[in-house]
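Listed below are the residues making up each chain.
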Amino acid sequence: MMSKIVKTIAGISFPFITIYGLYVIAHGHLTPGGGFQGGAIVASGLILLLVAYGTDWIIEKIKESHLSILESLGALGFIGVAFLGLIFGGMFFTNFIAGTSMLFGGIPTSTAANINTGGTLPLMNFAVGLKVIAGLFAIVLVMAYAISKEEGE
Amino acid sequence: MIIELLHIIIPILIVATSLVAVLLRDLMASAISLAAMSLLLSLEFYILQAPDVAIAEAGVGACLTTAILVLAIKATARMEEES
Numbered sequence: 001m002m003s004k005i006v007k008t009i010a011g012i013s014f015p016f017i018t019i020y021g022l023y024v025i026a027h028g029h030l031t032p033g034g035g036f037q038g039g040a041i042v043a044s045g046l047i048l049l050l051v052a053y054g055t056d057w058i059i060e061k062i063k064e065s066h067l068s069i070l071e072s073l074g075a076l077g078f079i080g081v082a083f084l085g086l087i088f089g090g091m092f093f094t095n096f097i098a099g100t101s102m103l104f105g106g107i108p109t110s111t112a113a114n115i116n117t118g119g120t121l122p123l124m125n126f127a128v129g130l131k132v133i134a135g136l137f138a139i140v141l142v143m144a145y146a147i148s149k150e151e152g153e
Numbered sequence: 001m002i003i004e005l006l007h008i009i010i011p012i013l014i015v016a017t018s019l020v021a022v023l024l025r026d027l028m029a030s031a032i033s034l035a036a037m038s039l040l041l042s043l044e045f046y047i048l049q050a051p052d053v054a055i056a057e058a059g060v061g062a063c064l065t066t067a068i069l070v071l072a073i074k075a076t077a078r079m080e081e082e083s
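Chains B and G supply the protein sequences, listed in that same order.
Here my numbering is used: the first sequence runs in plain steps of one and ends on residue 153.
Here my numbering is used: the second sequence runs in plain steps of one and ends on residue 83.
Below, in silico cross-link-like pairs of lysine-lysine (BS3-like), each with a Cα-Cα straight-line distance of 27 angstroms or less: (1) B:K149 / B:K63; (2) G:K74 / B:K7; (3) G:K74 / B:K63; (4) B:K61 / B:K7; (5) B:K63 / B:K7; (6) B:K61 / B:K149; (7) B:K61 / B:K4; (8) B:K4 / B:K149; (9) B:K63 / B:K4; (10) B:K61 / G:K74; (11) G:K74 / B:K149; (12) B:K149 / B:K7; (13) B:K4 / G:K74.
Just the calculated beta-carbon pair ranges, DEER-fashion: (14) B:Y23 / G:A72: 25 to 35 angstroms; (15) B:L30 / G:I68: 30 to 40 angstroms; (16) G:I73 / B:L76: 35 to 45 angstroms; (17) B:S110 / G:I68: 37 to 47 angstroms; (18) B:F93 / G:P51: 18 to 28 angstroms; (19) B:K61 / G:R78: 23 to 33 angstroms; (20) G:E4 / B:K63: 49 to 59 angstroms; (21) G:L19 / B:L30: 34 to 44 angstroms; (22) G:M1 / B:A75: 40 to 50 angstroms; (23) G:L23 / B:T8: 31 to 41 angstroms; (24) B:G89 / G:E80: 56 to 66 angstroms.
Derived by calculation from the structure, the hints in this document are not laboratory data.
None of the values given here were measured: they were computed from a predicted structure.
For every residue, glycine included, the Cβ atom is placed at its ideal position computed from N, Cα and C.
The shape of chain B in the complex, shown without the other chains (with noise of 0.2 angstroms):
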């Protein structure tokens, strides 16, 4: 629990760097970056706001439990694409989406980057990106929870 001063700046700097962790993400396959670093900005957003709030807060809010649903999400999606292009392209992490008319099945045309192209490959970044804001999350979450009720006792 911090600081009146502490928590205002937390609050309103948590937004910006939650919308910048998700737009490293999406754009995985044409900037720099990617799920896992992407993953790492949102996380560490969340634990901003662990810090400056206070454990009992936060756990309010979400429990760990479903925070290892949602890595067992992302990993079941990443690995379900990849399965996906098994069963439409005939080999394991086949790009079936590239080149048709579905979402991110464009071809990039010119040398500007078009976010609307490369196949499998955003969706398997969000699915990293899912699996890595909930695991680094949770770890975090789980040793202040334990360093609390340690305190409490």
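Following the hints, complete the assembly by docking chain G onto the known chain B.
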């Protein structure tokens, strides 16, 4: 010219912040000094043209590691004992 100067200055600052982190008795100040070292290291990665590694270093090294260290210091003693 400026890039060559930065290649000299930033490693010196990295070594200086690491030495400060070792020498200080206040462990919370040591943790902040390690965060500054991580930030300078990510700047060095960036001017070595590895922006991917720089983003990962800034996120994990400067924020997550510092948060874990601060939580650990909160649960134990803040000042290092005299040996």
